[in-house]
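> Per this note's numbering, residue 386 is the first one in the sequence shown, and the count goes up by one each step.
No lab work stands behind these hints: they were computed from the structure.
One or more hints might be untrue.
Said to hold, decoys possible - Have a look at the derived ranges for each label pair, beta carbon to beta carbon:
#	residue 1	residue 2	range
1	Pro530	Arg641	25 to 33 Å
2	Lys551	Arg426	31 to 39 Å
3	Ser482	His601	48 to 56 Å
4	Ala455	Glu638	44 to 52 Å
5	Trp531	Asn481	39 to 47 Å
6	Phe535	Gln447	17 to 25 Å
7	His532	Pro642	23 to 31 Å
8	Asp434	Arg636	22 to 30 Å
Beta carbons are placed, not taken as given, at the ideal position from N, Cα and C, and that holds for glycine.
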Amino acid sequence: MGLGCAVSAAKLLFPLVVIELNRVRVSVIIPTHNEAQAIGRVLADLPSDPATEVIVVDSNSQDGTPEIAAQMGARVVKEPCRGYGRACLTGLANANSPDIVVFLDGDYSDRPSELPILLAPILEGRADITIGSRLGINRNSRALPWHAAFGNRLAASLIGLLYGLKISDLGPFRAGRADVLRALALQEATYGWAVEMILKGALAGFRIVEVPVSYHPRIGKSKISGTLKGTLGAGWFILSRIVRYYFQRRRAEAARPA
Numbered sequence: 386m387g388l389g390c391a392v393s394a395a396k397l398l399f400p401l402v403v404i405e406l407n408r409v410r411v412s413v414i415i416p417t418h419n420e421a422q423a424i425g426r427v428l429a430d431l432p433s434d435p436a437t438e439v440i441v442v443d444s445n446s447q448d449g450t451p452e453i454a455a456q457m458g459a460r461v462v463k464e465p466c467r468g469y470g471r472a473c474l475t476g477l478a479n480a481n482s483p484d485i486v487v488f489l490d491g492d493y494s495d496r497p498s499e500l501p502i503l504l505a506p507i508l509e510g511r512a513d514i515t516i517g518s519r520l521g522i523n524r525n526s527r528a529l530p531w532h533a534a535f536g537n538r539l540a541a542s543l544i545g546l547l548y549g550l551k552i553s554d555l556g557p558f559r560a561g562r563a564d565v566l567r568a569l570a571l572q573e574a575t576y577g578w579a580v581e582m583i584l585k586g587a588l589a590g591f592r593i594v595e596v597p598v599s600y601h602p603r604i605g606k607s608k609i610s611g612t613l614k615g616t617l618g619a620g621w622f623i624l625s626r627i628v629r630y631y632f633q634r635r636r637a638e639a640a641r642p643a
């Protein structure tokens, strides 16, 4: 499917029904950029299930990442334009009619073997979107430095204040019903995409449930949050998105005729 550099999710009409466990189709989307050191372990640790497809969305890797992924049986989709959100949207657009879509980083910081924990609330009909929280009592401070953990808690607190949703983390390891994700019409092309999903989901009244997951030092160099400077830049961007979207919604609601 030729998406070029402009990707938009389709807005679908759908019935809100509980997905039957024995008929679930799951698509796992893994955005990558130069993750050759880690992608093999990520794919090897994913639970094996014939109803699960694995899509690696690769953005111009120069280290053989897509070749390794293809050799291990993943479907590789090339996305020439950089951006975490863009890669996720490209994967969603290329998924083969899933019931549930999972998003997983390709650096092995999250454990793919914990996928059942993430899926359980959706399969049990208790959630539409699940987020893996990395900030539990077993948090690895080497994997998530204090400045990254603090930034996540600050953003989560602001979301609770403005949107009424109580979460502790904005972790990238997450899952959602495919019909719900498409209905949200996500558009953010950067790492703000993860926040956009939460904000739009909360405002639309979807059930967002947090589950504890383990978190480990990534394999390879971090693209965003490995340094204080990188964390500050990402944090400012995310906090501004939270506030801006809130006031955009307030203005839109005020402009509606009574």
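> So, for every hint listed, does it hold in this structure?
Quick rundown of the hints versus the structure:
Between Pro530 and Arg641 the CB atoms are about 43 Å apart, so this pair departs from the stated range of 25 to 33 Å. Between Lys551 and Arg426 the beta carbon distance is about 33 Å. The supplied range of 31 to 39 Å therefore holds. Distance hint check: the CB atoms of Ser482 and His601 are about 33 Å apart, inconsistent with the given range 48 to 56 Å. Taking the beta carbon of each, Ala455 and Glu638 are about 47 Å apart, inside 44 to 52 Å as hinted.
Remark: the range hint 39 to 47 Å for Trp531 to Asn481 is upheld by a beta-carbon distance near 41 Å. In this structure the hint that Phe535 and Gln447 lie 17 to 25 Å apart at CB is violated, the actual value being about 33 Å. Judged by the Cβ atoms, the range 23 to 31 Å given for His532 and Pro642 is violated: they are separated by roughly 46 Å. At roughly 45 Å, the beta carbons of Asp434 and Arg636 sit outside the given window of 22 to 30 Å.
The structure does not agree with the numbered hints 1, 3, 6, 7 and 8 stated previously, though it agrees with the rest.
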